[in-house]
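Peer 1: Anchor point for the sequence shown: position 177 equals 177 in UniProt numbering, and the numbering is continuous, going up by one each time.
Careful, some of the hints might be misleading.
Below, a list of computed lysine to aspartate or glutamate pairs in the DMTMM-like style, where the Cα atoms sit at most 25 Å apart [unchecked claim]:
{"#": "1", "residue 1": "Lys-370", "residue 2": "Asp-264"}
{"#": "2", "residue 1": "Lys-240", "residue 2": "Asp-52"}
{"#": "3", "residue 1": "Lys-346", "residue 2": "Asp-264"}
{"#": "4", "residue 1": "Lys-240", "residue 2": "Asp-148"}
{"#": "5", "residue 1": "Lys-165", "residue 2": "Glu-101"}
{"#": "6", "residue 1": "Lys-240", "residue 2": "Glu-269"}
{"#": "7", "residue 1": "Lys-320", "residue 2": "Glu-269"}
{"#": "8", "residue 1": "Lys-189", "residue 2": "Glu-168"}
{"#": "9", "residue 1": "Lys-370", "residue 2": "Glu-357"}
{"#": "10", "residue 1": "Lys-165", "residue 2": "Glu-155"}
{"#": "11", "residue 1": "Lys-305", "residue 2": "Asp-333"}
{"#": "12", "residue 1": "Lys-370", "residue 2": "Glu-348"}
{"#": "13", "residue 1": "Lys-136", "residue 2": "Glu-181"}
{"#": "14", "residue 1": "Lys-138", "residue 2": "Asp-68"}
{"#": "15", "residue 1": "Lys-305", "residue 2": "Asp-68"}
{"#": "16", "residue 1": "Lys-240", "residue 2": "Glu-57"}
{"#": "17", "residue 1": "Lys-191", "residue 2": "Glu-168"}
None of these hints come from the bench; they were simulated from the model.
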Amino acid sequence: MPSNSMKKYFSVLFRLIACIFAILILPLGNVALAQSIFEDGMDIGLTSFYTDASGQESKVKVLKDILDYDISVPLNVRDLNPTQVGNGKFQGADLDFSTAEPKIPGTATRIQFSGPVTSENGQNKTGFIYSVVGGKTKESSCPVEIKDTQIAFFETASEAEQAAKSLENKGYLVYVSVNSEAQDKAIEKIKELNCRPNAEGIVVNGKTQQVTVDFTKVFNLLPPRLQQAAREQPFVYFPKGDAIYLVNARKTYGITDLEVGLFDADTDELITIIDDNDIIRASDIANRNVTIAAVVTPDSAFKNKVGSIVFNLNNAQLTKTENISPYAIFGDDPTGNLNGGNLNLKQENTIFLKVYESRQAKGNLLGEAKVNFKVNNN
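Based on the provided sequences and hints, a complete structural model is requested.
Peer 2: Written out as structure tokens, the structure reads:
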């Protein structure tokens with residue numbers, strides 16, 4: 001079994017893993033969720049603006065009970081955790097701002113876009129987009145209301161993490177982000193502000209007075225008619241009535257809830273989570289017995305279906321099939337402590353992971369993951 005230290009740091013991974021946060025919005029009449037620009041099986045985030053609470057409530061019912069979406073906002077007390085709220089990572093976004101009053105003419109519309117497309121082994125693959133969501137709370141509101149909501153999109157996890165830090169420094173509660181520290185602080189603060197701590201009802205009702213959506217880092221992914229405006233400045237929206245009522249939801253396909261971490265094998269402690277295009281400081285791993293491990297969140301639908309994971313580091317420089325969780329590139333000993341080895345990391349590295357339903361890389365292929373990362377000597 002893993003040591004207490006190991007369990008502690010894997011729990012950090014578990015909490016960071018989130019099914020895609022929906023920052024997208026569908027009008028109430030759009031029950032069919034038309035997704036003409038999206039590929040089948042793409043992870044989708046959804047968010048809707050409404051002019052009143054009844055419209056918001058109706059959409060929640062449709063998404064949850066009929067279309068089997070996970071609801072992030074409105075947020076119930078019992079669901080106040082990073083896994084439910086999400087880390088803002090998705091492939092396809094469907095945003096509908098048509099019921100709000102825009103600061104920039106022509107932006108109160110439905111916006112659909114997907115992540116950057118890359119070619120791998122002759123096949124196109126849609127990458128991920130990282131979003132950050134933060135809000136400033138309205139004083140003495142019950143349930144908690146957000147008077148000012150900030151949403152921003154990025155192509156890399158590192159950019160999203162820096163944006164989260166910036167918002168936090170400005171006094172925002174950053175409840176959706178790959179930055180776990182900022183997210184944990186926001187969730188704890190929301191718990192403090194909850195006027196009904198023992199209730200089972202809504203703690204964050206999705207009601208806000210202003211929404212700013214920043215596409216400046218991903219403007220080229222938007223429909224052509226919006227690219228120039230998105231490049232120049234964030235889009236700002238105001239309510240047509242007393243407030244904007246948000247619904248955030250998400251639906252994922254395949255084993256997206258897989259996280260990769262760099263560990264010190266001597267202590268079983270997490271050094272850092274490795275997101276795509278991350279930069280790792282060489283000083284953080286110098287003179288340490290380093291290994292790479294992957295975990296599947298305990299809330300994943302694939303939790304009990306994974307039989308093995310195949311690691312391929314730097315084009316077969318190092319390959320390994322691991323059959324027991326935690327899935328580590330050098331495995332672990334009978335007591336659950338991680339084994340170390342020579343990763344021989346370069347300045348630029350790529351790790352491929354293939355997840356199978358049976359041991360020894362047999363059975364159905366449940367999913368694949370690719371993570372690029374750099375080791376910087378500065």
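Peer 1: It remains to establish, for every hint, whether it holds in the given structure.
Peer 2: Results for each hint:
no., hint, verdict
1, Lys-370 - Asp-264, "holds (22 Å)"
2, Lys-240 - Asp-52, "holds (10 Å)"
3, Lys-346 - Asp-264, "holds (18 Å)"
4, Lys-240 - Asp-148, "holds (15 Å)"
5, Lys-165 - Glu-101, "violated (29 Å)"
6, Lys-240 - Glu-269, "violated (51 Å)"
7, Lys-320 - Glu-269, "holds (21 Å)"
8, Lys-189 - Glu-168, "holds (12 Å)"
9, Lys-370 - Glu-357, "holds (18 Å)"
10, Lys-165 - Glu-155, "holds (17 Å)"
11, Lys-305 - Asp-333, "holds (23 Å)"
12, Lys-370 - Glu-348, "holds (13 Å)"
13, Lys-136 - Glu-181, "holds (17 Å)"
14, Lys-138 - Asp-68, "violated (31 Å)"
15, Lys-305 - Asp-68, "holds (21 Å)"
16, Lys-240 - Glu-57, "holds (18 Å)"
17, Lys-191 - Glu-168, "holds (17 Å)"
Hints 5, 6 and 14 from the earlier list are contradicted by this structure; the remaining hints agree with it.
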